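From just these sequences and the hints, can you work out the full model?
2 protein chains.
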Amino acid sequence: MSAGRPRIVILGGGFAGVYTAMALERRLGRRDDFEIVLVNKENYLVFQPLLPEVISGSIGLTDVVSPLRSLLPRTDVHVRDVESVDLVRREVLTSPGFKPQPHVIGYDHLVLALGNVTDFRGLPGLPEHALPFKNLGDALRLRNHVIRALEEAAIERDDAELRRQLLTFVVAGGGFSGVEVVAELNDFVRRAARRYRGIAPDEIRVLLLHSQDRILPEMDASLALFAQRILAARGVEVRFRSRLVAASGYEAIVTGGERIPTRTLVSTVPTSPHPLVERLALPKAAHGRLLTDAGLRVQGEENVWALGDCALVTVSANGATAPPTAQHAIRQAGIVADNVVAALRGSATRVYDFRGLGTMGSLGRRSAVAQVLGLKLSGFVAWWLWRSVYLMKLPGWGRRLKVAAAWTLDLVLPAETVQLRLGGSQGITREHFEPGQYVFRQGELGDRLYIILSGEAEVLRTEGDREALLARLGAGQCFGEMALVQQQARNASVRCAQTMDVLSLAKEEYAVLAANLPDLRRSFEQLTAQRSTVAQAS
Amino acid sequence: MSAGRPRIVILGGGFAGVYTAMALERRLGRRDDFEIVLVNKENYLVFQPLLPEVISGSIGLTDVVSPLRSLLPRTDVHVRDVESVDLVRREVLTSPGFKPQPHVIGYDHLVLALGNVTDFRGLPGLPEHALPFKNLGDALRLRNHVIRALEEAAIERDDAELRRQLLTFVVAGGGFSGVEVVAELNDFVRRAARRYRGIAPDEIRVLLLHSQDRILPEMDASLALFAQRILAARGVEVRFRSRLVAASGYEAIVTGGERIPTRTLVSTVPTSPHPLVERLALPKAAHGRLLTDAGLRVQGEENVWALGDCALVTVSANGATAPPTAQHAIRQAGIVADNVVAALRGSATRVYDFRGLGTMGSLGRRSAVAQVLGLKLSGFVAWWLWRSVYLMKLPGWGRRLKVAAAWTLDLVLPAETVQLRLGGSQGITREHFEPGQYVFRQGELGDRLYIILSGEAEVLRTEGDREALLARLGAGQCFGEMALVQQQARNASVRCAQTMDVLSLAKEEYAVLAANLPDLRRSFEQLTAQRSTVAQAS
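Note that the protein sequences, when read in sequence, are chains A and B.
In terms of this note's numbering, the numbers along the first sequence are unbroken and rise by one, the last being 556.
In terms of this note's numbering, the numbers along the second sequence are unbroken and rise by one, the last being 556.
Please keep in mind that the hints were generated in silico from the structure rather than gathered at the bench.
Among the hints, a few may not be true.
As the list claims (entries may be wrong) - Okay, the calculated bits of chain B under chain A, using three or more residues with CB under 8 Å as the criterion:
| id | region |
| --- | --- |
| 1 | 163-174 |
| 2 | 318-324 |
| 3 | 407-421 |
Stated by the list, open to error - Here are the in silico distance ranges between beta carbons for each label pair:
| id | chain 1 | residue 1 | chain 2 | residue 2 | range |
| --- | --- | --- | --- | --- | --- |
| 4 | B | Ser406 | A | Lys411 | 34 to 40 Å |
| 5 | A | Gln317 | B | Gln516 | 58 to 64 Å |
| 6 | A | Arg49 | B | Ser406 | 25 to 31 Å |
| 7 | A | Arg92 | B | Asp176 | 18 to 24 Å |
| 8 | B | Glu474 | A | Arg459 | 54 to 60 Å |
| 9 | B | Gly454 | A | Lys411 | 50 to 56 Å |
| 10 | A | Arg49 | B | Arg448 | 28 to 34 Å |
| 11 | A | Pro219 | B | Pro413 | 21 to 27 Å |
| 12 | B | Trp402 | A | Arg459 | 55 to 61 Å |
| 13 | A | Arg418 | B | Tyr214 | 20 to 26 Å |
| 14 | A | Trp425 | B | Asp99 | 34 to 40 Å |
| 15 | A | Ala299 | B | Gln516 | 45 to 51 Å |
This one's a predicted model, so the numbers in the text were calculated from it and none came from an experiment.
Backbone N, C-alpha and C define an ideal beta-carbon position, used for all residues, glycine too.
Here it is as C-alpha cells:
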C-alpha cells in the first residue's frame, strides 16, 4: 500500500473477523486515520449456536444471521471469495462477480480470520453424499432434504428397503456441533412426521455416530452422560467408537464395516483449516493452524495477524491452547484490534490472556448442558441459561425481539414443514457406489447418464427368473445412455462390482450438450447402436 | 379405477386445487366413501397476495406459504411433477422421486387445477435473463439477485456502465402482480441501499413497463391514477405503451427499440396455460383455457373437471367470464366438490354463480387501492383493509399471529439484507446477446466457455490504440476455451455481431467434463493449439 490512510484488510466474516472489524471501528473514533476492509463470501455473520434451529424452522431463517453491513457501518465490506493472497506485494485478489474481473485489494495489515472447513477428502463417498453443517446454506439444504425424504416415504408403499433408507437419519460427530444437530433433527423429524399419513412413528430412526467412548469431549463426563440419557430417551441411537469411513447414496459405512441404510447423512467432522490458509507460506502447527505469538501476530511476520479457528493461539497465563469457540474468537478480536492499532499509532500492545467462561450445548426441547464458572448445570435450568445468553448475544434489539417472539410462538405451533427450494440444477454430479449396490434397475425410468471414473460395474438383464450378465464396465466407460437417447425405460440393471465412482449427467444437461455438441451426440449414438446389436444378439 | 372406494385426483396445489380438496374433505364426513389425492410439485400452498413481501423479507419466508399436509389431513398428498395424464385409461403418471420410478395414480374423477405459467417463449433473451414471479422459489431468487446487485455495486467504483446496470431494476407488466412486485421491490431497494456505503440514493432506478395507457386494467381508472401517483412519488418510473420484447444479460429492450441497461429484469407477463393442459386433448378456448359447462365439468367429458386460472368459467347469472383470481378459484372449488360428490352419490348438482366481491392491490408502505362492494378506497384505509382481509384469510391462527407479529416489528426494524443462497450450480446455462455487446473483454479472468447456438460474434484484440479483428465466429463454433485450458486472462475480446444465443459452461463443469470425457478435452485442446498459432501469426 502507499498513499492515503493505511488499510487493514480482514479475511473472513465469522465471529473472529466481524468482531475484529467492530473493535477496529470503535478504536477508529473520530481520528479516521485508517481504513477497514472485510472480505467474506456471504453478506452476513452466522450466529453459529442457533444454526441447528434452522432445521426445524422454529426461528426465522434469516434471524440466525446478521447482515454484515448493519454490524459494520464504517467498514468496506466485499462479498466475494478470496482467490489468493500475495504476501510480498501485500495484495488480496478476490474472485470475479457480475463482471469477470477480479478485484485487487492492497493492505498494510492483513488479519486472517478464515475459520475452518468440514473436509471430506480421503473418505470415499463423503464428498458426494454427506451433508456438511457449517453455514446457512448447509442448514437449509439439510432441512429441505429431510422434508423431501418424508414426502417420498409418505407415498412409497411398495419398496420396504427404500422406506427404511428414507426414514433413517444419521449424524456423524459427537462434539457440540453434532450433538446439537442430532437433537434438533430428531425433534423436528418426529414432530413433522405426525403430519404425514402413512409414516408410523416407530419407522423413524435417528443415529449419532461418535468415534470416542462418550460424546461431548469438551465437557465434564457427568454432563456428557446426562446428554446421552436425554438423547436416548428421545429416540436417538448413540453409537460409540463408530467412525464414519465411507458413504454411498444409500448407506453410511462405519469402522468395522457395518452399513447403515440411509439417504440422509450429516457429518460435522473432520475439519481442517481453510484452503487459502493451507496455500499460504506461513508457519503452521501440526493440524495446519497458523502459529501466532502472544499478541496474535503470525510468527515471523510483521503485518499479518491470525485469530479464531484458523490460528493456534496460546493463552499466555497458563500456556494452554485456546479452544476454537466463539467466546475465544471474540476476545482475540479485541486483542488483534488493539495490537494492529498499536502498530499503526505506536501505542502499547497486549497479550492474549483469556481462560474462558465455560461451555454450553443445547439438547433441544427444553434441555441443555452447561459448565459455567465452575458450576455444572443440566436440564431445564441449563436450557433457560442457554437461551438467555444467546438471546442477549444476538446483535441488535430488533433481532432479539424477533427471535424471542418466534421462540414463544414455537411453544404452541406445530412443526413447520415447508420445503424451500431455489431451483439450481443437479446437472453434473459425482456419485459413489459400493459393491452390490444397484445404480439403476431394469424397467425404471431413465433420467441420468453415467460415466465410470474408477471401479467396475456389471450390466445385468433379467428375463423371467434368469439374470444374465451382459457386460462388465470399467473406468472411462459410460452407461445409461440408451434410455436417454431412446427415451424409454431401462432395459437392463447396472450393479456395482468393485467400489466405484461415477460422474452422472441429468437428462436435461445431456439434452443440451448433445443438441449443441454434435461430436458428443454422435459418440453416444454409436455406442447405443453397438449395444443394441449386442443386446439383441445375446 | 376399479375395486375399493372411488378416487378423486386433483392436479395442482394453488387456491383452486387445495380448496377443492378441503371442500371434499368436509363433504367426506364420516362416510369415508371416496379417496382424495392431490398432486403438486411443492409441498405447500403459496399465499400469492403476500408473495411480494418475500422480497423485503418483512414477513417470515415460510409464512407466505402453508404446508399442504397441515391443510389437508385426510388427503393423500403427492409432492411430484405430473408427467402425463391418460384420459382413456384414467391414470396420472408422476415424475420419479428418490427412486427413478414414476408413480401411476388411477382416478375415477380428475380435477384439473393447474393454474397458468409465465411463458417467455418467442421473446428473445427472456427465458435466459428475465426472472418470473410465480412461486416462493422465484421470490427468493429475486431477493438474492437484488441483494447481490447491491453488493457488487457497492464495491464497483471504476465501471460507471456496470454500476448503472446493477442499480437499475425493471419490472414488466402493470397488472396487480407487476404493480405489487414493483412497489415492494422499490421500497426494499431504497431502504436497503442506505446500508451500503458508496451507493447514493439517486443512483437507484426502478422502472415499471406496461403495454397499455394505464396500469391496473382490472380496476377503475381513478384508482389506477392514484396508484400511478403513489408509485411515482416513491421513485418508480412508470413507462406506458412499453412492451418488453427482448432482453440480454445487460439490458431490457422495449417496443420501439429502446434499450434500458439493467441486470435485474422481472416479468410477470405473458402467461399461458400449464404445459400439461396444453398437451391434453380436451376442448379449449382461444387462450388455451379449458372449456367447462356451468357445473365446471370439462365440456364433453364425464369425469374430468376444471377450475381456476386454467379453466374458462362462465358465471351463469350474467354470462361473464370469471377472472383468474383467488376469490373466484375458492368459490369454484366449492362447486366442483359438490358436483363431484353429486356424481358419486347421485345427489343434485349446482352451477357457478359468483359475481365477485371486488379487487384490492397493495402499493407497499401503508398504501393500497381497493374496489369493494361498489366502494372505491385508496391510501391508508385501503391498505388497512388489505392487510386485515389477507391476515384473516391466512390458514390457521398460528400463522396469523406470526405474520401479525412480523408486520408489527417491521414498522420499527431496518431492512433485512441477508442473502439466502442454496448453492446449486450455474453449470450450463444459455445466454442471449444483442449486437455490440461484449461477451467478455481482453484482460478479464476467464471463467466460462461459450458455444454459439445462433448468431455471430467477432474476436477482437487490442494492442496499444489499435483494435484488430482476429476472427468471425458463427453457429456451432466455440470460444473462451483458451483462458480455461491455459488458466490465464482473456487474450482477446469477443463482441456480438449478430443477435446471438450461446450455451455457456462454467469453469468447474468444463473441468469435470474435460477430465472425464477425453474426446471433449482433445477437441478443445486442438482448437486452442490452432488458435494460438493463428494469434501468434497475426
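We went through each hint and held it up to the structure:
no.: 1; hint: 163-174; result: holds (count 8)
no.: 2; hint: 318-324; result: violated (count 0)
no.: 3; hint: 407-421; result: holds (count 3)
no.: 4; hint: B/Ser406 <-> A/Lys411: 34 to 40 Å; result: 37 Å, holds
no.: 5; hint: A/Gln317 <-> B/Gln516: 58 to 64 Å; result: 60 Å, holds
no.: 6; hint: A/Arg49 <-> B/Ser406: 25 to 31 Å; result: 52 Å, violated
no.: 7; hint: A/Arg92 <-> B/Asp176: 18 to 24 Å; result: 23 Å, holds
no.: 8; hint: B/Glu474 <-> A/Arg459: 54 to 60 Å; result: 47 Å, violated
no.: 9; hint: B/Gly454 <-> A/Lys411: 50 to 56 Å; result: 53 Å, holds
no.: 10; hint: A/Arg49 <-> B/Arg448: 28 to 34 Å; result: 53 Å, violated
no.: 11; hint: A/Pro219 <-> B/Pro413: 21 to 27 Å; result: 25 Å, holds
no.: 12; hint: B/Trp402 <-> A/Arg459: 55 to 61 Å; result: 59 Å, holds
no.: 13; hint: A/Arg418 <-> B/Tyr214: 20 to 26 Å; result: 24 Å, holds
no.: 14; hint: A/Trp425 <-> B/Asp99: 34 to 40 Å; result: 37 Å, holds
no.: 15; hint: A/Ala299 <-> B/Gln516: 45 to 51 Å; result: 50 Å, holds
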